[in-house]
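Enquirer: Spelled out, the chains give:
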Amino acid sequence: MRLSGRRSYISEFSETGRDISETFGRFPLAVNLAVQDILSRYRGSILGPWWITIMTMTLVLGIGINYSALLHQKVEQLLPFVALGIVFWGYLSVSISEGGDAFIAGSGMIKQSAIPLPLFILRCQIRNLINLAHQIVIVVAVLLWFKIFPGPGMLWALPGLALLMVNLGWIGLMLAMISARFRDMPQIVAAVLQLVFFLSPIFWTPPASLLDSPLVAANPFFFSIQSIREPLLHGVMPPQTVTILLPIAVVGWVSAILVYNQTRRRVVHYL
Amino acid sequence: MASISVRNLSLHFPIIGADSQSLKRYLKQVAIGGRLGDRGRQGSLVALRDVNVELAPGDRLGLIGSNGSGKTTLLRCMAGAYAPDQGEVEVLGRIASLLDLSMGIDPSATGLENIRLRGLVAGLTPKEIAAKIEEIADFSGLGPFLAMPMKTYSSGMQARLAFATATSVEAEILLMDEWIAVGDADFRQQAQNRLTSLVEQAHILVIASHEPSLLRKICNKVMRMDHGQASEVVDIEQMDELMARPAIQATM
Numbered sequence: 594m595r596l597s598g599r600r601s602y603i604s605e606f607s608e609t610g611r612d613i614s615e616t617f618g619r620f621p622l623a624v625n626l627a628v629q630d631i632l633s634r635y636r637g638s639i640l641g642p643w644w645i646t647i648m649t650m651t652l653v654l655g656i657g658i659n660y661s662a663l664l665h666q667k668v669e670q671l672l673p674f675v676a677l678g679i680v681f682w683g684y685l686s687v688s689i690s691e692g693g694d695a696f697i698a699g700s701g702m703i704k705q706s707a708i709p710l711p712l713f714i715l716r717c718q719i720r721n722l723i724n725l726a727h728q729i730v731i732v733v734a735v736l737l738w739f740k741i742f743p744g745p746g747m748l749w750a751l752p753g754l755a756l757l758m759v760n761l762g763w764i765g766l767m768l769a770m771i772s773a774r775f776r777d778m779p780q781i782v783a784a785v786l787q788l789v790f791f792l793s794p795i796f797w798t799p800p801a802s803l804l805d806s807p808l809v810a811a812n813p814f815f816f817s818i819q820s821i822r823e824p825l826l827h828g829v830m831p832p833q834t835v836t837i838l839l840p841i842a843v844v845g846w847v848s849a850i851l852v853y854n855q856t857r858r859r860v861v862h863y864l
Numbered sequence: 003m004a005s006i007s008v009r010n011l012s013l014h015f016p017i018i019g020a021d022s023q024s025l026k027r028y029l030k031q032v033a034i035g036g037r038l039g040d041r042g043r044q045g046s047l048v049a050l051r052d053v054n055v056e057l058a059p060g061d062r063l064g065l066i067g068s069n070g071s072g073k074t075t076l077l078r079c080m081a082g083a084y085a086p087d088q089g090e091v092e093v094l095g096r097i098a099s100l101l102d103l104s105m106g107i108d109p110s111a112t113g114l115e116n117i118r119l120r121g122l123v124a125g126l127t128p129k130e131i132a133a134k135i136e137e138i139a140d141f142s143g144l145g146p147f148l149a150m151p152m153k154t155y156s157s158g159m160q161a162r163l164a165f166a167t168a169t170s171v172e173a174e175i176l177l178m179d180e181w182i183a184v185g186d187a188d189f190r191q192q193a194q195n196r197l198t199s200l201v202e203q204a205h206i207l208v209i210a211s212h213e214p215s216l217l218r219k220i221c222n223k224v225m226r227m228d229h230g231q232a233s234e235v236v237d238i239e240q241m242d243e244l245m246a247r248p249a250i251q252a253t254m
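Protein chains in written order, with our numbering: chain A, 594 to 864; chain B, 3 to 254.
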């Protein structure tokens, strides 16, 4: 192990690269920490993480049935849309808010050992992916119940999910650094996410009059959901996945790496 | 071959009180453009200044110095937790860090789960842990309690498990912050034997302690720290002379 003072801007990049490769080198540790997080959160509970599934189910039924009456839409049209929207929104929003907490939660280990920082983001991502796996039951149940099977185009949901994971990775890293320094950040993020949830067409279908509004036409949160929901419901991938989400992933990762480069030495002192 | 090489190491801690950690205060500063007095400015504390240490196999280095002189910070730098601001830290060989026995311990998990978790955090592979787990469980003497959540343990039992796990990593380099003493009279003796054999097996030991008699017993070299600055590394025989020196003047 060799650690040195900042020599040059370029040498910092190689250290950043080393942090990231070490993170993946210690993948089993990240998985174990993630599993332990879930075990300890639900210790003593019979259903464990299935409670998230039940909570989501109640929300889906509540919103699906209520809104279909309010908006005069057919349940079989609205409910699958709402169900998938809420499942993947849950994954997205919890990943983002917990990502911001990743370094603070791992501060004990960060201050004592040489475990690379991005590992704590990976731990958070794996934890949320395990939680999502429990929620997939809802997706499968809804698709079966309403006999939705648009064909092999459904497989587009996989690259959609992969791209979402890539985006959640940089968002988590960025927010974890900012939140370690500024402790108001987690609350700000929570508030913003709540607003986004109501403003984006997650649990309401956008009426024709709103189709050109930026809330619908240029909303990366909406398209992050759509890139998984559309393939599953209609077997097609929305083009915005490539035109909006892909550039965001590239720009996001580049900026997250640049910020990480500047703050990786300081994060431990913020904790 | 194990070695520790610390060259011209300097480390500054930015002083971030709970106060300046709020975004509002930061934004206010930017918006107004002036200074909110010293409270608003971010100060920094020199934790280590130009520290040099070279250690080779066989070296047992004791760190002495008053509270806040930088002993633990230097140990954490060697453990890789802090990146230097200037200079270099190069550590070759597997490190066992006994700086914080409770690191990676989850109170709601069972004893066995904690052994696994702690082992992974310490850098063992799942295979290595599987090979050791019986020995650790055996040494801890906790028997059937290992299947119970750690929060049901008495503090002495928790210490036993933490100690048994933390000391199971065979390493070339051992970092310790004060000599560890845990458990009841019975366990204490076993723990002492285990720690002593761990120290003997390690190629390099660095220990921070306020006990000159302890350092005399286990170390062959000693270094004094004052205000983040370090003396040269001297033979343990010269410890009295080192202690008698006036404190290194803080050059801020």
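Hint data in this document are derived by calculation from the structure and do not stem from the laboratory. The beta-carbon is built from N, C-alpha and C at its ideal position, and this holds for glycine as well. Just to be clear, a hint being listed does not mean it is correct.
[Said to hold, decoys possible] Each computed DSSO-like pair below joins lysine-lysine, with the alpha-carbon atoms no more than 30 Å apart:
no. : chain 1 : residue 1 : chain 2 : residue 2
1   : B       : 153       : B       : 129
2   : A       : 704       : B       : 129
3   : A       : 740       : A       : 667
4   : B       : 153       : B       : 134
5   : A       : 667       : B       : 129
6   : A       : 704       : B       : 153
[Unchecked claim] Chain B stretches covered by chain A per the calculated footprint, using a threshold of three residues with CB under 8 Å from any CB of chain A:
no. : stretch
7   : 57–69
8   : 74–83
9   : 135–147
10  : 188–198
Enquirer: Evaluate each hint against the coordinates.
Expert: The hints, checked one at a time:
1. With a CA separation close to 27 Å, the supplied pair residue 153 of chain B and residue 129 of chain B stays within the 30 Å bound.
2. A threshold of 30 Å between alpha carbons decides the hint, and for residue 704 of chain A with residue 129 of chain B the separation of about 26 Å falls inside it, so the pair holds.
3. Between residue 740 of chain A and residue 667 of chain A the CA atoms are separated by roughly 15 Å; this keeps the pair inside 30 Å, and the hint holds.
4. For the proposed pair residue 153 of chain B and residue 134 of chain B, the alpha carbon gap of about 23 Å is at most 30 Å, so the pair holds.
5. Between residue 667 of chain A and residue 129 of chain B the alpha-carbon distance is near 55 Å, which puts this suggested pair outside the 30 Å criterion.
6. For a cut-off of 30 Å, the pair hint linking residue 704 of chain A to residue 153 of chain B stands: about 23 Å separates their Cα positions.
7. With 0 residues carrying a beta carbon less than 8 Å from a beta carbon of chain A, the stretch 57–69 of chain B misses the three-residue requirement, and the given coverage is violated.
8. For the stretch 74–83 of chain B, the stated coverage by chain A is satisfied: 5 residues place a CB nearer than 8 Å to a CB of that chain, which reaches the threshold of 3.
9. Judged by the Cβ-Cβ criterion of 8 Å, the stretch 135–147 of chain B is not covered by chain A as claimed, because only 0 of its residues qualify and three are needed.
10. With a threshold of 8 Å between beta carbons, the proposed coverage of the stretch 188–198 of chain B by chain A is violated, since 0 of its residues qualify and at least three are required.
When held up to the earlier numbered hints, the structure conflicts with 5, 7, 9 and 10 and fits the remainder.
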